[in-house]
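Undergrad: Work out the full structure, taking the sequences as your base and the hints as a guide.
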Amino acid sequence: MLKHPLFQFFVLLIASYLFYTLGIQVLSKPIPATLVSQYMAITLGVLLLYMATETERWERFKSPIYEALIGATGVHRMLRNVLFVLIPLFAGFQTYQAVKPQTTPPPPFRTVHPANPESITFRGESYDLTTLTNPLRAEPAKFDEHLEVGKKVYYERCFYCHGDTWAGDGHFAKGFVPAPAKFTGDATLAILTESYVFWRIAKGGPGLPREATPWNSAMPAWEDRLTADEIWAVTMYLYDAVEKEPRTVLSQTESGGH
Amino acid sequence: MKRTDSTRRWISFLVLALVMLSACAVFAQVPEAGGEYRQVGKFSSRNIVWIVAQVKLMFAAFILGVPMFALIIELIGFLTKEERYDRLAREFIKLSLIGFSATAALGGLLLFLIITFYPRFWNYMAGVFKPTMWIYPILFFCESFTLYLYWYGWDWLKSGGRKVVHLFLGLLLNLWGTALVFMTNAWATFMMTPNGLDPETGVVISVWEAINNATWHPLNIHRLIANAVFGGAIAGAYAAYKFLVAEKDEDRAYYDWMGYVGNMVAVSVFLVLPFAGYWLGKEIYDHNQQMGITLMGGFLSWLWIIQAIMIGILFLSANFYLWTGMERIDGAERYSKYIKYMLFVLLVCVLVWSTPHSLVASLEEARRMGGTHHPLLGVLGVMSAKNTAVNIMILTTFLSFMLYRRGNKEATVSWQTAGLTIQWVILGLASAWVIYLGVRGYFVDAATRIGFAPQQVLAVLLAIIAYTAIDFPLFKNAKPMGSIHWGKIPERSQYALFLLALTFCWLMGLMGYARSALRQHWHVYGVYRDTSADAFLPTLGQASLRISLSVIIFVVMISFIFWLGGLGSIKEGFSGISRRGIAVFAKMGAFCMVVIGGFVYFANSIPQVEHQPPVEIGADQDVWSLDQATVSAMGEKLFFGKGTCGLCHGVGTAGPRAPDLKDVAKIAGERVEGVSANKYLVDALVDPGVFLVEGYGNIMPRVDKPPINLTPQELYLVLGYLQGLGGGEITITKDDIPGSDQAAEPSDEAPSGVVMLGNAEQGRDLFFGAGTCYACHQVDGEGQAVGPDLSEIARINTAAYIYESILDPNKVVVGGYPPIMPVGFGEALGGKDLNDLMAYLMTLDGSGR
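Chains as they are written, first to last, in this note's numbering: chain A, 1 to 258; chain B, 259 to 1107.
One should not assume that every hint holds.
[Claimed, not checked] Covered stretches of chain A (in silico footprint by chain B; criterion: 3 or more residues with CB under 8 Å from a CB of chain B, positions within the stretch not fixed):
id	region
1	25-32
2	48-57
3	172-184
4	187-198
[To be verified] So the derived label-pair ranges between C-beta atoms look like this:
id	chain 1	residue 1	chain 2	residue 2	range
5	B	Glu1019	A	Asp224	24 to 30 Å
6	A	Glu139	B	Val1044	43 to 49 Å
7	B	Gly947	A	Asp240	40 to 46 Å
8	A	Gly124	B	Glu467	32 to 38 Å
Worth flagging that the hints you see were computed from the coordinates, not collected in a lab. C-beta: ideal position from N, C-alpha, C; glycine also.
TA: Have a look at this one:
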């Protein structure tokens, strides 16, 4: 029994499921259902592949299934009857789950990092985002001064949503879907250029491109309330606070040609 | 007899293609005929061209990939003196001969469709690439005649030194094929990364520069490698089908062996394909960062998750084929215990590679996770993790193959223990280095991290070379433990070959979509905009349907070609239509549909976003057919933006200088007897004094003239917005708007800057000094608010109006203000003073706020 491939198959499948749900939850935070199903689909495929690599194992794996389907004893017949009821019930349950009215919003399908436009107009001036760099970084002597400005701006404007720990968990954060951006970790600031951050602060939710919908971001466009230098200062402050380096722009070869 | 038939058929196709080519030359001379775009019925031109181009591309890959495959096989046969290699190469050239005519016909069809549906665009491309359009058919002729010589000369050039000539012909055939691919790649890559154009006028300066654009060589290399892989994979699938229908043991043995060879060529060449892909991606990124982000992080980012799953399937099925293949080798069972470990490593790699960076999570899940990125798995979403996973998969597959190879061999050399140990150490070191760089990638900046990718590749390639270098002498005089029983492979392994070929086809369609979609709403990126109704990018789910349709058409056509190839050898025992053949075909067809269905299902279960071209209101844009919501949204922007209406008018509240417009749509039809609502609204904008509302001065400027200068399109949008305000319908049409029927041409009036003779600095001093204007007028918060605020006067009104207001202040008094401005400034101010003051006032465009 314990050595039977079909048994092993189910044990491994259930063990994988428990690992993807409970196991990862213990190690860190739970992962969303969409990812669990993706992982389970891959695992299922791999397990089937494993069962099929050797003819002997494959035959043993299949034989109980075949027997259940065509076996002539009373037990087999009983099993078939049970399956005959269970499978439609399961399908019905799945359908019910899919169509029943839900009170929670469905997972939003969206592009989280939309591409920035090539250039933006900020207070009447045109900024080329592909080449734009933070001008304040060119004045290393005044670094601390700029950080102070940035910090002040952050606590006057951003702190309420993005929080005291820069993790998108400010006082108002619970009220917003999508939640305010979390600046800590490797997923946001760490992989973005400062020009991208500048664009997001200046243009906010209203300035997102059309492919970023559906997006109900509550991020205001700060263009009218902050000067360019203030935005640059707060950008600098954020990178300093979460201890990340901004992504540098890749070497810009001349457009075209070698 | 048969041969002359096929030749005649094939020549007739070429003639057809040539006729179509000359037809396009005729079209090129009448570019305006039929306008920019055409379509057939309600079918989307883009979708038809998409599918035909994709099927044509697969055929092209087939007839280019198969000669590569055949040449390699023939060379192996020449070196090993084994007859079966020669037979194999020959069998495939026969198939590519039949495939050739289908490719030519599809090419003709594609050309015809592009000329018909996209006449202007075709004209443009033909203009840029004029010389190459003639080289192309010449290359095609060279290739086809070399192919004939290669095929018909097989027996003639069989023996001794003549075989070298034959091999040379095969090489020449591949060279022609390569030149053809390079040529077409130049056209395709020019559309992505145009080059050789005058940046001002967009006129071609250098055709060579246009050909040699930034992504030309990366795509060339990528496609060449992919074609060789494709050739091998198709050979494998063909062999799988033949194996399953074969009735004799010797046939089964032969086709089993053929499948093995096809798979080996496909997989070993495939291992370098990811690196060519990275190069292409890097060039795109370097050329244009915005394009790079669209590709990797933006609109197309989810496409790579589908790609990851598919490449996972490729690796898994290639390994699975090798493992099941061990059953036909005596002695290979000693390695079967390693299978589960290798499979586990592959599983982990596929999971890592397919983990998206930002996850699809419900609100609840996102809260529990602390954002859209998982703290642990979010790490797996970036390039460092993906690169590491793919390199480890490559090493594992290599190990599988090496274990397979030594299945029935036992090393006899004296240093065998040392040799085997060193081999394991090499693999271990390479994996450790790859993983070390992968982890380190998280702690360095992006520029350094990108440098790690080639280092990982280098480590893997070096390990493969070193391992193989030891392997050859190690097993040189190995003791055979048994033989390879060709044909003894289980049937299910053949489905792995089939899956491999099918996944390659689908992946090719997907990558084709990625490459084309990258251009977004451009025919030629940044140069020639796509203004057709098809300028949007469909969702990945929709794209997957078109890709699947292309793959199904290709599979059906290629199956027919394979069947035809069998008919030619009917006297050698092939039975035309047999029961077994039909059964296998049905089973494989069902398998094919299940696999494609799975791909479509997955592509539809990830985020579905359409990419719409950005909305700008150009003078030549068709805004009349937009839906009401868009009109309202765009009109609102104009109302408060360029139109400057909101500076004076309020919506819902009375504006500072002009009436509230909330109910204007209702009032418009009732206010003046005999004037329709639409006429009232339009006239109020282009002849503002005509229906003056009581209590307000006649101060509104014409909005269709400078400085506001709305185009007819913009007028329509503003009026549409106003009509929609109370929830009403938009009844304004194109015909109501003056000037909208004229061809768009730039206005000859200066758009804004009126030339001023005076000095604005001195004018300002006058305003806040001797002129005492500030005693009643405010500018940017300075001065008294007795008369109207003048901070944005230059945006609102014309120089003539301002002039008049100074010289004759009581002629027009802004509503709500007392008529108390002194008369006589005209006398009091000297000519210079007046000019200076005017110059100053004309600088007041609100930018000081």
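Undergrad: Could you check the structure against the hints above and give me the numbers of any it violates, in ascending order?
TA: 7
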